[in-house]
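Enquirer: Modelling step: build the complete structure from the supplied sequences, incorporating the hints.
In order, the protein sequences belong to chains A and B.
So for the first sequence, the working numbering puts the first residue at 1; every next one is plus one.
So for the second sequence, the working numbering puts the first residue at 1; every next one is plus one.
Be aware that a few hints might be false.
Just the calculated beta-carbon pair ranges, DEER-fashion [stated by the list, open to error]:
1) B:VAL467 <-> A:ARG71: 27 to 37 Å
2) A:ASP127 <-> B:ARG471: 52 to 62 Å
3) B:SER561 <-> A:PRO114: 32 to 42 Å
4) A:ASP127 <-> B:GLN493: 34 to 44 Å
5) A:GLU162 <-> B:ASP517: 52 to 62 Å
6) B:PRO449 <-> A:GLU99: 36 to 46 Å
7) B:ARG446 <-> A:ARG71: 11 to 21 Å
8) B:SER561 <-> A:GLN131: 30 to 40 Å
9) A:GLN177 <-> B:GLN493: 49 to 59 Å
10) B:GLN489 <-> A:ASP39: 18 to 28 Å
11) A:GLN131 <-> B:ARG471: 53 to 63 Å
12) B:GLU492 <-> A:GLU99: 51 to 61 Å
13) B:ALA560 <-> A:ARG33: 26 to 36 Å
As a list, the in silico SDA-like pairs of lysine to any residue whose alpha-carbon atoms are at most 20 Å apart [to be verified]:
14) A:LYS27 <-> A:GLY158
15) B:LYS509 <-> A:SER38
16) A:LYS77 <-> B:ARG446
17) B:LYS509 <-> A:ASP39
18) B:LYS510 <-> A:VAL37
19) B:LYS510 <-> A:VAL42
20) B:LYS598 <-> B:ASP487
21) B:LYS459 <-> B:SER564
Since the hints were made in silico from the structure, they are not lab data.
Just so you know, these numbers come straight off a predicted model, no measurement behind them.
Heads up, the beta-carbon is just placed ideally off N, CA and C, and yes, glycines get one too.
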Amino acid sequence: MVEPIFDYQFRIIIIGNSTVGKSSLLKYFTDGRFAEVSDPTVGVDFFARLLQVEDGTRIKLQLWDTAGQERFRSITKSYFRNSVGVLLVYDICCRKSFENVPVWMNEAKSHIEPHRAVFILVGCKLDLKDQREVSSEEAARFANFNEMPFVETSAKTGENVEEAFRIVGQEIYNRVQLGEYSIHDGWDGVKAGYRRAGRDYGLVEAEAARTTCC
Amino acid sequence: MSNSDSDDDEFESADEGDESTDESCNEEECTSTGNISAVQTGLSNVKEEISKEADEEKPIAAPKLIGIVDTPNNSDIPLCLSEEFPHNKELQDVKATSVEDQIVLTHEIPQSGSTLDKVHLGDAQAHQEDKKNETTELQENVPTNFDTDSLPKAVVETIPSTEEICEDVQVPSQIVNKTSTTRNISNRGKVRSKPTLGAKKLGAVKLSQPPESPNPALSKTDSKEIYKEAITSSAQQASTSSNPNPSDDGWGWFAPPKSLMSSVASLTNQILSTVENGLNIPEPEDLAKEDMLFADKKCPEVEEQVPKQPAQEEKTAGFTQLSLFGGVSNITKFVENTGSSLFSTGLDTLELLGKKTIDVLQQSDPGLKRTKAVLANPLHGSQDRPCLSQILREAKEISEVASTDSTSATGASESVTPKFSALFELHNGIVHLEALEMLSQQCQNRVAPQIRRLPSQRKAIVDEIAVLCSRTDDTEDNDCANSDMLDLQALEQNLSSCFDRISLELSLKKLMNAFRDGMSDSVEDSSSLEVYRRALDSLALVTSLVVELFHKGAELILMASKPSNPAVGARLEAETFQSVTNVLAAEISKLGSHHANKIIWVKDADHTNYSTDIYYEASNCRSYLENALKLMIPILQSRVF
Numbered sequence: 001m002v003e004p005i006f007d008y009q010f011r012i013i014i015i016g017n018s019t020v021g022k023s024s025l026l027k028y029f030t031d032g033r034f035a036e037v038s039d040p041t042v043g044v045d046f047f048a049r050l051l052q053v054e055d056g057t058r059i060k061l062q063l064w065d066t067a068g069q070e071r072f073r074s075i076t077k078s079y080f081r082n083s084v085g086v087l088l089v090y091d092i093c094c095r096k097s098f099e100n101v102p103v104w105m106n107e108a109k110s111h112i113e114p115h116r117a118v119f120i121l122v123g124c125k126l127d128l129k130d131q132r133e134v135s136s137e138e139a140a141r142f143a144n145f146n147e148m149p150f151v152e153t154s155a156k157t158g159e160n161v162e163e164a165f166r167i168v169g170q171e172i173y174n175r176v177q178l179g180e181y182s183i184h185d186g187w188d189g190v191k192a193g194y195r196r197a198g199r200d201y202g203l204v205e206a207e208a209a210r211t212t213c214c
Numbered sequence: 001m002s003n004s005d006s007d008d009d010e011f012e013s014a015d016e017g018d019e020s021t022d023e024s025c026n027e028e029e030c031t032s033t034g035n036i037s038a039v040q041t042g043l044s045n046v047k048e049e050i051s052k053e054a055d056e057e058k059p060i061a062a063p064k065l066i067g068i069v070d071t072p073n074n075s076d077i078p079l080c081l082s083e084e085f086p087h088n089k090e091l092q093d094v095k096a097t098s099v100e101d102q103i104v105l106t107h108e109i110p111q112s113g114s115t116l117d118k119v120h121l122g123d124a125q126a127h128q129e130d131k132k133n134e135t136t137e138l139q140e141n142v143p144t145n146f147d148t149d150s151l152p153k154a155v156v157e158t159i160p161s162t163e164e165i166c167e168d169v170q171v172p173s174q175i176v177n178k179t180s181t182t183r184n185i186s187n188r189g190k191v192r193s194k195p196t197l198g199a200k201k202l203g204a205v206k207l208s209q210p211p212e213s214p215n216p217a218l219s220k221t222d223s224k225e226i227y228k229e230a231i232t233s234s235a236q237q238a239s240t241s242s243n244p245n246p247s248d249d250g251w252g253w254f255a256p257p258k259s260l261m262s263s264v265a266s267l268t269n270q271i272l273s274t275v276e277n278g279l280n281i282p283e284p285e286d287l288a289k290e291d292m293l294f295a296d297k298k299c300p301e302v303e304e305q306v307p308k309q310p311a312q313e314e315k316t317a318g319f320t321q322l323s324l325f326g327g328v329s330n331i332t333k334f335v336e337n338t339g340s341s342l343f344s345t346g347l348d349t350l351e352l353l354g355k356k357t358i359d360v361l362q363q364s365d366p367g368l369k370r371t372k373a374v375l376a377n378p379l380h381g382s383q384d385r386p387c388l389s390q391i392l393r394e395a396k397e398i399s400e401v402a403s404t405d406s407t408s409a410t411g412a413s414e415s416v417t418p419k420f421s422a423l424f425e426l427h428n429g430i431v432h433l434e435a436l437e438m439l440s441q442q443c444q445n446r447v448a449p450q451i452r453r454l455p456s457q458r459k460a461i462v463d464e465i466a467v468l469c470s471r472t473d474d475t476e477d478n479d480c481a482n483s484d485m486l487d488l489q490a491l492e493q494n495l496s497s498c499f500d501r502i503s504l505e506l507s508l509k510k511l512m513n514a515f516r517d518g519m520s521d522s523v524e525d526s527s528s529l530e531v532y533r534r535a536l537d538s539l540a541l542v543t544s545l546v547v548e549l550f551h552k553g554a555e556l557i558l559m560a561s562k563p564s565n566p567a568v569g570a571r572l573e574a575e576t577f578q579s580v581t582n583v584l585a586a587e588i589s590k591l592g593s594h595h596a597n598k599i600i601w602v603k604d605a606d607h608t609n610y611s612t613d614i615y616y617e618a619s620n621c622r623s624y625l626e627n628a629l630k631l632m633i634p635i636l637q638s639r640v641f
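Expert: Right under this line is the structure:
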């Protein structure tokens with residue numbers, strides 16, 4: 001269990017109404033299996049996984065799993081800052097959770113400012129298609145209008161789970177390459193990972209390097 | 001500062017948050033002015049201290065001085081010491097060492113400027129008025145008690161010139177040269193400070209140098225010597241009084257011990273070999289010995305006596321020395337203050353500093369053979385002898401490259417030595433700490449402007465919470481020490497009753513499981529490295545879960561409804577978290593001992609080293625908990641409103 005090597009760490013926050021399946025989605029992504037029983041999240045929980053983007057760069061996704069319950073709202077607000085990616089999650093079998101997505105989105109945007117995060121719309125519980133209350137087309141339109149990608153996933157079958165995180169990771173990485181995001185002190189959205197010898201990031205290393213000694 | 005700053009990572013900012021909290025509590029009225037007001041209070045505190053000490057210590061310091069100045073043959077102090085302590089000779093050594101170092105200290109404090117005048121000017125500017133007062137006090141106090149003639153004139157003069165100060169410095173140097181042993185020691189100082197001299201020359205200098213001439217040598221002391229001193233003295237651990245600080249590299253003369261603690265906490269990914277176990281660490285006298293061997297082979301007794309110094313004697317000697325200085329002039333008063341504040345930062349700071357230095361050096365140079373050779377060998381060519389800071393920097397660079405190379409080469413191979421901080425991060429300890437810090441920061445921003453509007457009674461509670469949470473009790477260890485074994489059931493009951501008291505519903509399941517797994521004995525035929533790895537992992541997991549518990553506790557507290565009596569409720573919460581910290585820190589140290597004991601049964605050569613490391617990491621866990629507890633302060637304070 002030695003610390004795996006990665007080039008970047010992206011901090012991603014997962015938001016949405018309670019019981020839409022945020023924690024299950026993350027558990028599948030990090031553990032590769034569906035948790036039959038899931039306790040409601042208290043405040044925020046953390047998950048992490050390595051992801052390899054197209055050019056082979058290794059990215060550590062640090063995933064902040066927030067509580068969806070209303071009573072935690074004031075707390076979860078505190079955690080938006082320093083996020084570079086946002087998963088807007090709703091339950092395709094629950095109309096209300098979809099209608100709340102704009103609220104979540106605006107809240108995230110206002111708290112992440114002045115930074116701009118990568119958003120993705122994620123519909124959950126695709127395995128329960130027959131109880132669907134939100135059509136794919138409608139969700140896609142909303143995503144289109146707000147210029148964000150959209151996927152429907154199932155944490156039970158694992159369908160599209162990997163895809164959802166890969167899209168976000170790749171998009172953030174692209175923006176890093178374009179220089180839209182930079183690694184700097186006081187912002188933890190993007191961090192440099194442990195250095196690999198002979199690699200050039202094209203970034204200011206002095207700020208970025210997380211050294212292992214003092 | 002760049003060196004330590006960049007590496008302190010998360011904890012640096014955490015600490016800053018804490019400090020601002022403390023400030024805002026201590027001086028509610030001035031919160032808006034922030035740092036400036038903090039500095040001002042700091043200054044006024046110093047002023048108070050100075051004037052206080054001037055009042056208190058003058059009468060004590062002066063008589064000793066008179067005794068020494070007037071009757072150099074009257075061995076007033078040695079006699080007194082010989083009555084108190086059995087090893088008179090050793091004590092004289094101790095004394096001499098501290099005298100020597102103290103002199104170095106006098107010269108080295110004004111790092112920003114090279115002359116004593118500068119300090120004095122700076123000092124004078126800072127406390128202009130205060131100085132005047134103090135001087136008058138001095139003039140009034142001293143003559144009434146003692147014969148004015150017997151005092152050096154420097155006392156009367158507000159700003160003595162550099163030469164006069166040098167004269168002052170000579171007073172103790174005469175004491176230094178009273179015995180042959182002490183002369184040896186002071187000469188050792190010269191040898192070090194003049195690395196340019198060849199071995200033969202050194203011998204000659206040694207014999208011919210008159211006793212009153214350490215000054216030129218001392219004033220020439222450069223950073224190289226100081227660094228070397230840093231190694232030697234901090235390795236000695238006990239030598240608090242000789243605190244040569246590499247301030248020009250920004251290791252922080254005046255750095256508060258906490259920030260050092262936390263910087264060391266972030267350093268834990270390295271395996272710290274402690275000074276006590278002595279493995280691979282050059283004995284302080286070794287460094288000295290190598291110097292001496294080249295310089296003069298006639299004084300072996302010095303090296304043998306130096307390491308025997310008990311801490312207590314060292315301290316006594318140091319204080320005596322300080323009081324001597326205190327009688328002389330204002331500038332030495334300033335030195336004295338610095339000196340005593342150094343005492344208060346204590347052994348730990350020095351010890352950690354030394355460990356850190358040795359550690360960085362050792363990473364690229366196991367056994368420190370090369371470093372020792374470079375530092376100690378006068379034949380090496382003194383002109384291009386690198387200073388220690390340079391060696392440290394190079395060592396760091398090399399080890400960085402090496403560690404990244406080896407990691408990428410071996411991948412996730414088992415052969416890589418585990419690092420506590422990496423494991424702590426793996427178990428999400430760091431990120432919980434970061435999240436807790438975010439909450440803490442937000443509360444702080446909200447609470448700070450409101451504090452001044454609070455009625456004084458509640459303000460007192462706010463202060464009390466800050467005090468409760470910034471002080472944890474090490475002695476609680478002793479209460480539980482009689483039962484060395486972890487009693488998980490009792491622990492769980494204890495914790496849950498604690499949290500019930502403040503009606504927090506925190507799940508202890510994960511934490512208890514982690515403790516249970518850590519305690520379960522499964523010493524198959526595994527290597528000591530494997531046992532060591534599991535020990536660190538267990539400690540890191542438990543510590544992470546405790547930090548998580550604190551984070552969750554903070555979240556729940558922020559959401560909880562207002563207690564009927566906010567002041568009492570908030571204080572109860574603070575007390576609860578403080579005692580939970582104490583209990584868990586004690587349990588973690590037991591867990592550490594458990595692992596350390598286990599590793600001894602593994603038949604492997606490395607076990608001593610590993611078990612010491614485990615003890616170290618276990619004690620280091622406490623500082624993580626203390627950090628988390630400090631982050632709780634604004635959150636708990638927000639409940640008072």
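Enquirer: So, for every hint listed, does it hold in this structure?
Expert: Going through the hints against the structure:
Restraint check, VAL467 (chain B) to ARG71 (chain A): a C-beta distance of roughly 31 Å satisfies the suggested window 27 to 37 Å. The given range of 52 to 62 Å is respected by ASP127 (chain A) and ARG471 (chain B), whose C-beta atoms sit roughly 54 Å from each other. Evaluation of the 32 to 42 Å hint for SER561 (chain B) and PRO114 (chain A) yields a pass: the beta carbon distance comes to about 35 Å. For ASP127 (chain A) and GLN493 (chain B), the Cβ-Cβ distance of about 43 Å falls inside the hinted range of 34 to 44 Å, so the restraint holds.
Range check, GLU162 (chain A) to ASP517 (chain B): Cβ separation about 31 Å, and the 52 to 62 Å hint is violated. For PRO449 (chain B) and GLU99 (chain A), the Cβ-Cβ distance of about 37 Å falls inside the hinted range of 36 to 46 Å, so the restraint holds. A beta carbon spacing of about 19 Å between ARG446 (chain B) and ARG71 (chain A) agrees with the range 11 to 21 Å that was offered as a hint. The hint said 30 to 40 Å for the Cβ distance between SER561 (chain B) and GLN131 (chain A), and at roughly 37 Å that hint holds.
Our hint of 49 to 59 Å for GLN177 (chain A) and GLN493 (chain B) holds, since their Cβ atoms are close to 55 Å apart. Range check, GLN489 (chain B) to ASP39 (chain A): Cβ separation about 24 Å, and the 18 to 28 Å hint holds. For GLN131 (chain A) and ARG471 (chain B), the Cβ-Cβ distance of about 57 Å falls inside the hinted range of 53 to 63 Å, so the restraint holds. A hinted range of 51 to 61 Å for the beta carbons of GLU492 (chain B) and GLU99 (chain A) is inconsistent with their spacing of about 44 Å.
Between ALA560 (chain B) and ARG33 (chain A) the Cβ separation comes to about 35 Å, which falls inside the hinted range of 26 to 36 Å. Taking the CA atoms of LYS27 (chain A) and GLY158 (chain A), the gap is about 10 Å. The hint holds against a cut of 20 Å. About 15 Å separates the Cα atoms of LYS509 (chain B) and SER38 (chain A), which keeps this hinted pair within 20 Å; it holds. For the hint pairing LYS77 (chain A) with ARG446 (chain B), the CA-to-CA distance comes to about 14 Å; that is within 20 Å, so the pair holds.
Simply put, LYS509 (chain B) and ASP39 (chain A) have alpha-carbon atoms about 13 Å apart, close enough for the 20 Å limit, and the pair holds. Taken as a hint, the LYS510 (chain B) and VAL37 (chain A) pair is honoured in the structure, with Cα atoms around 16 Å apart against an allowance of 20 Å. Proximity of LYS510 (chain B) to VAL42 (chain A) is assessed by CA-CA distance (about 14 Å); at most 20 Å being required, the pair is judged to hold. Taken as a hint, the LYS598 (chain B) and ASP487 (chain B) pair is honoured in the structure, with Cα atoms around 18 Å apart against an allowance of 20 Å.
A threshold of 20 Å between alpha carbons decides the hint, and for LYS459 (chain B) with SER564 (chain B) the separation of about 18 Å falls inside it, so the pair holds.
The structure fails hints 5 and 12 (numbered hints given earlier, in ascending order).
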